[in-house]
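K.L.:
Listed here are the chains, written in short residue letters.
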Amino acid sequence: MKSLIGDLFGKSPFGPIVEHSKKVHECVELLWPLLEALIQEDYDTIHRLHSKMSRLEHEADLIKHDIRSFISQRYFLPVDRSDLVNFLARQEKIADLAEDFAVVLTLRRTTVHVEIQDLFLCYLNQVFQVSGTLLTAAVEFKNLAETAFGGAEARSILKLIENLGEEEWKTDKMSRKLSRAIYSLEGREDILNILFYEKMVIMLGSIANQAENAGDYLRVMIEKR
Amino acid sequence: MDILIIGLTALLGLYMAWNIGANDVANSMADAVGSRSISIRNAVIAAGICEFAGAVLVGAQVTNTVRKGIVDPAMLAAIPGISPQDAAVILVIGMSAALLSAAFWLNLSTIYGMPVSTTHSIVGAVAGFGVVAAGWQAVNWSKMGQIVASWFISPLAGGIMAFLIFNYISKSILGKEQPARAAIRHMPYIVFLMTAVVLLATIYKGLKHVIKNIHWLTDSRALALSLGASLVAAVVSYFLIRAKLQGLEEESLGKQLEAVERVFVPLVIISSCSVAFAHGANDVANSVGPLAAIVHVLKTGTIDMKVPVPLWVLALGGMGIVLGLATYGYRVMMTVGTKITEITPSRGVAADIAATATVLACTRLSLPVSTTHTLVGAILGIGLARGLGGINRRIVTSIFGSWLFTVPAAALMSMFFFMVGKALFFETLHTLIAG
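Here the protein sequences come in this chain order: A and B.
Sequential numbering of the first sequence, starting at 3, is according to our numbering.
Sequential numbering of the second sequence, starting at 154, is according to our numbering.
The set of hints was computed from the structure by calculation and includes no laboratory data.
The model shown is predicted, which means the values in this text are computed figures rather than measured ones.
Even for Gly, the Cβ is constructed at its ideal location relative to N, Cα and C.
One or more hints might be untrue.
Derived Cβ-Cβ restraints for the label pairs, each shown as a range [as the list claims (entries may be wrong)]:
hint : chain 1 : residue 1 : chain 2 : residue 2 : range
1    : A       : Gly167    : B       : Arg415    : 33 to 39 Å
2    : A       : Cys124    : B       : Glu330    : 32 to 38 Å
3    : B       : Arg484    : A       : Gly167    : 48 to 54 Å
4    : B       : Ala396    : A       : Thr47     : 57 to 63 Å
5    : A       : Asp120    : B       : Arg546    : 52 to 58 Å
The list that follows gives simulated cross-link-like pairs (lysine to aspartate or glutamate, DMTMM-like), each with its CA atoms no further than 25 Å apart [unchecked claim]:
hint : chain 1 : residue 1 : chain 2 : residue 2
6    : B       : Lys324    : A       : Asp82
7    : B       : Lys408    : A       : Glu142
8    : A       : Lys144    : B       : Glu402
9    : A       : Lys95     : A       : Asp68
Using the sequences provided together with the hints, build the complete structure.
P.N.:
As structure tokens, this is what we get:
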């Protein structure tokens, strides 16, 4: 039984987008036990967590494919289609980076020097903050569709995105501090270890960067029109 | 023997009305059902009552256009070398052919899920028979042009109006820091607008038709009366809404919005009912217009410029619509009810007010418009106001396509049926009517 008016309503992409954000944040959350396992030199756990990460990343991918079908040319959307695609791409990048981080940890039995352990955990925590804020913004963004992308709800989410930028800036500062601590280990730490530390720092920093970029696309979608 | 012909054509009219009920009616309640404001069962009952009331109370005006406006019966009588009896027989066969082809086309499209308009079908069918029976000049092309224009104007008008109304709702209520408080302030205006539109339609035309000779009910008095009643409704609603929403200021934005949407629920039910009413008023003509012409010809044996539409004919059309709704439209309603989760009560109200106002304005101007397409226009208008998550572009295209396709298809079919009917039944009918 077909119904004209029923078919007229295309699917809304905003619900699934929140699903995607949640899945991506789950990937980021997995970084914490990964780093802890590395500090405790528990390499079996790292391998186990890596396969979990890889599964989560795949699940996020599936959600993304699903959303891509919503935002085909077939549907009129209240926001710019390309902005939505870009937002999704940035979010996906976050999950990719988290997985890459897990891969790096599996590559060799790296040990974390005791002097930088706390700094590392602090830094990771800050990256969490950024990813968490992005998730909150995505959830709010879905609610925003209820109020036709305007008014008080829009202002509150723009504020949230502003915070996101602030937190990313803090992440940058911490990354510089951590890098200095890492290079001060020169001569006292295996050079290959230092190389791996640097890799990890850059990856975590990219996660925060991508989260900020994703937030920017949210901002563009709200402010357009 | 006349009674046999009337009975047979009445069956045709009933078949057409059944199709209208099966195909179209669910759409009028779509906003209420889709926003989960009313159960499907209750929606069917409410739609049935409103469609019937609309058909019987307001239906007569448009009946004239479809029957006489497209093909002037006088043109049939004026064909050189034709006797009045011949003309009467041709009209009976032609109108039956038009009914049959429109209903058949509609039935076919319902089966294949094609979004066609009942109004388009009957107008095309009547025009088709007119061309074959009396040549191109028998069809009132300026009237036809007016009707074609209304197909584009009505969704456009519905769309613009819905855009404006929803924009107002979202700017002044949904987008505020405290939606609950804003709703207390602004909802009465929306209630006023809605009641005014609904009442103007019902009082102004409905009552005038049913209770004849109400001389005091002039246009301006009807206007004053409905505006006054709307004012009362707005004031009453203010207190009701305040009682419901006051004290919610401290709640979270989401909670407040939820509460505000709940306030829209009764409105969307009332306004959807009025869409059903307007639909009944406008679309009953599609089934009983030709029937009324036939009945008149058989009773008097002559073709008149103006004929009264008997109340029983309107009632028959209304019954057919309700029957179609109960037997087949029910399933369409189920689909609508389970599929549309996108629409919220506030969006439904905006679409419904816009659609009712447009359809009733067009009915008043004696233009048969498609309720479905007006509503589609209204929903698109809300989509453009960033009110909906997604709208299926493919369906929109197919609706536009069906506008262009239905009229010629119904016309061709009607030509065919007319020629077959004339070849088979002309002699029989001629002796019946002449004798």
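K.L.:
Tell me the numbers of any earlier hints that the structure contravenes, in ascending order.
P.N.:
none
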